[in-house]
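The task is to assemble the complex, starting from two chains supplied on their own in separate frames and drawing on the hints.
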Amino acid sequence: MAQIIDSYSETNQNTSAADYAEGQSFTGDGGILNSAKFYLKKAGSPTGSAYAKIYAHSGTFGTSSVPTGSPLATSGAFDISTLTTSFQLITFTFTGANKITLTNGTKYIVTLEFSGYTPSYPNYVWTGIDTSSPTHGGNLCYKDSGGSWNAVSAYDTCFYVYKDDATTTTSATTSSTTSTSTSITSVSTIPVSAEKIIVSKSGVDALKATNPNDFIFHSDYNTFKIVATGTATFAISAGDSEVEKTIAHGLSYTPVVAGFAKVVGDVYVLSPNEYGRTITDGVQYLGFLGIAADATNVIFIFNNSDLSAENQTVIVRYYLFEVPN
Amino acid sequence: MPQKIVISKPGYDALTETDPNNLIFSSDYNTLKYFTSGSITLDISVGDISLYDEVDIVQHGLDFNPFFQVFVKMDSWSVWQPVAYWTAGAGAYDKFYAYVVDPSDPTIGKRLMVRATGYRETADSFSVEFRYKIFRNNLNI
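Each protein sequence line maps, in turn, to chains U and B. Taken in order, the first sequence gives residues 1 to 325; the numbers are from my numbering. Taken in order, the second sequence gives residues 1001 to 1141; the numbers are from my numbering.
Rather than coming from a laboratory, the hints here were simulated on the basis of the structure. Remember, it's a predicted structure, so these values are computed and weren't measured experimentally. No false leads were slipped in.
Here are some chain B residues pointing at chain U (derived, C-beta under 8 Å):
{"id": "1", "residue": "Phe1025"}
{"id": "2", "residue": "Ser1026"}
{"id": "3", "residue": "Thr1031"}
{"id": "4", "residue": "Asn1065"}
{"id": "5", "residue": "Val1083"}
{"id": "6", "residue": "Ala1084"}
{"id": "7", "residue": "Ala1098"}
{"id": "8", "residue": "Tyr1099"}
{"id": "9", "residue": "Val1100"}
{"id": "10", "residue": "Val1101"}
{"id": "11", "residue": "Asp1105"}
{"id": "12", "residue": "Leu1139"}
{"id": "13", "residue": "Asn1140"}
Example chain B residues on the side facing chain U (calculated, C-beta under 8 Å, incomplete):
{"id": "14", "residue": "Ile1024"}
{"id": "15", "residue": "Tyr1029"}
{"id": "16", "residue": "Asn1030"}
{"id": "17", "residue": "Gly1109"}
EDC-like, lysine to aspartate or glutamate: derived pairs with alpha carbons at most 20 Å apart:
{"id": "18", "chain 1": "B", "residue 1": "Lys1095", "chain 2": "B", "residue 2": "Asp1043"}
{"id": "19", "chain 1": "B", "residue 1": "Lys1095", "chain 2": "U", "residue 2": "Glu242"}
{"id": "20", "chain 1": "U", "residue 1": "Lys201", "chain 2": "U", "residue 2": "Asp214"}
{"id": "21", "chain 1": "B", "residue 1": "Lys1095", "chain 2": "U", "residue 2": "Asp306"}
{"id": "22", "chain 1": "B", "residue 1": "Lys1133", "chain 2": "U", "residue 2": "Asp214"}
{"id": "23", "chain 1": "U", "residue 1": "Lys225", "chain 2": "B", "residue 2": "Asp1028"}
{"id": "24", "chain 1": "B", "residue 1": "Lys1073", "chain 2": "B", "residue 2": "Asp1043"}
{"id": "25", "chain 1": "B", "residue 1": "Lys1073", "chain 2": "B", "residue 2": "Glu1054"}
{"id": "26", "chain 1": "U", "residue 1": "Lys225", "chain 2": "B", "residue 2": "Asp1019"}
Beta carbons: idealized from backbone N, C-alpha and C, even for Gly.
Same shape as in the complex, but just chain B (with noise of 0.2 Å):
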């Protein structure tokens, strides 16, 4: 019989419980693995009627595509959005996206970018903050 490890919370029984709430690990489930983690600030000026379009990347090196986590922040905000996310107001919106690089492309590949975009019917100057993970499971797609 295969031999497992399990952990599980304080009064259940490691043995018989199969709910994985209850377990703290199994090794019957696979878990997301941290390769890294940082963060990225866009600094914007975005003019009248205008719309703004801003990129940056993380060369994170690892020759597949990557699970990758990714949240928002505008220096407005108090509170940190998971991306993709997205919000609109009177004369405003903007847009938050983030993308892995397929590490095949020998020109842009192996990469985390992030991206915000968005409109200003009246000119602003403000950062979006971005932290992310990126994890060594393997997308295989």
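Okay, chain U solo, but in the shape it has when bound (with noise of 0.2 Å):
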């Protein structure tokens, strides 16, 4: 869903324009160019096709504020026969190259130009502006018969400037094993209230997708973050049951663990078992029974008490994550 740049509400509007172009100035805010509206309505047939166009802007912003150079983007075309004889909001969408950045705090045109239209008795294209009491920081400028642009510091245009989501429509495989180094050269601080960073699955829309499965990173969605991971050998006696091994985790808080252990020389890697598995020579247990964490230590007790059990020497890899809250 597209965000508002700036605007001017229709339901300021009192009068209406049918010049050769209209226009109003306004601020950008760093976005993408998305689409813009004006509030147009028809008298009798015009015919031909209007578009909206971004300018650079020239003069003193709200007084004299018209544009200038080439456009630097314009809009799809839209059918001005279709208009109706009540006020409408029209929307024209920016597209491809048209999706310029409209430069935090830099100030901008929009207009409202015609291709095979001119203003004449009795077909007209009537534009909402405000005369009465107009509010907005810029100003109103049309375009002459002459071609020529002219502001009115008095009058606003209606309209609306909008940019894209700021949604990431990244699109990442989980099968690569391709690494790319980015180079971060500025910190800026987004509210995820408003804005959201997803990183879909391969040939999955990110804009569209609503299983969190199908998201690599979705910002409505919190991370279960590792805040430490490490290993530990430990040698595991024969006849222990039950026995704890610890190592201190050097956290200032109790922390949340999960690990694995395996038996040097063995191939197997356990998650905590109840009563384990049989070890290379088949005949004999050595059961990883559990793992925890106080405020100290990372704890895991290991049992090796089947009756022909042998000293074992074991490794493991904990992880420990934040607290849930």
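Encoded structure:
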């Protein structure tokens, strides 16, 4: 969903204008141009196409703003014969190279221009404007029959300029082992309540998917963060029953922990098991009974009390996570 | 100074917040990266006064021992339990395990194995479904 960069609501409209082109100065905010709207109706049977265009700004903003240079962006065409005789907000969409970035704080002009149409009795395209007590910071401008732009400081055009939603549509594959290195040259803050960062799986539309399984990353969902990880090696003696082995985790709080263990020389890596599994010689069990953490240590519990148990060396990997609240 | 990518929850300042719970994402912290996921169902028939022991595998193909998480549900349950899990009742018990197998083993490596073992005093037939997640995080053990 697009978001408004700048606007002056149609609820302010008190009259209308039918010039060779209309425009309004406004201020960019750093967003990517998505679309523009004007409040339009027709009289008679005008034919031709209408376009919204973005220009660089010339003059004093709010007083003598007029376009300068060639259009920076031009929307797709709108068939003006389809207008009704009642005012409607008409959307003009920018695509491809016309989706320019409107620099934050920079002044621009958005215009309504025509192809195949000139205003003449009885066929007109009327643009909603406010001549009563306009409050927008910019000003209306219009193109006359000679092709010159003129500013009217006391009038505003009803308009909207929209930017793309900040959703990232980056697509990534879960099976790629290619890594990319990105150099970060600036730090900015984006309110998550307004913007989203989405990385979808390959083949999934980040803008439409709703299943969390289809997202590599989604800023609507928290991630379970690993705050520390490590390995340790323990000697487990034959006959040890529910023996505890510890390693200091170095955190100042009690973390959540997960872990895995294997007997050195064995090929099986275990998550905690109530009983264990047959190790290499096939005749004895070494149980990885559990893993826990207190404020100081990660605690591993092993059982090596099978009747034919031998001394074993066990290597473990543990992960410490943030504590859910 | 090293740069960071931090996404905070609404209402928290990404530049100053230190509680990881209040950060949607922070490049200071690693996360578990999915590699693959799926399910395995074991259909088990056990006779009177008998033990059972059923194993199945997932060939993940990774060249390292990956972090994994497995959940289990018997067809008579309405909940998923994390593996390892065991349960016991009158005349019966069930145990559910999961392992990964070292990729260096040429015969059985690069696998996640799930296992159901147990005992019945009277004959029984049931199914056990495992749901697994295998991650790209290398255990390095």
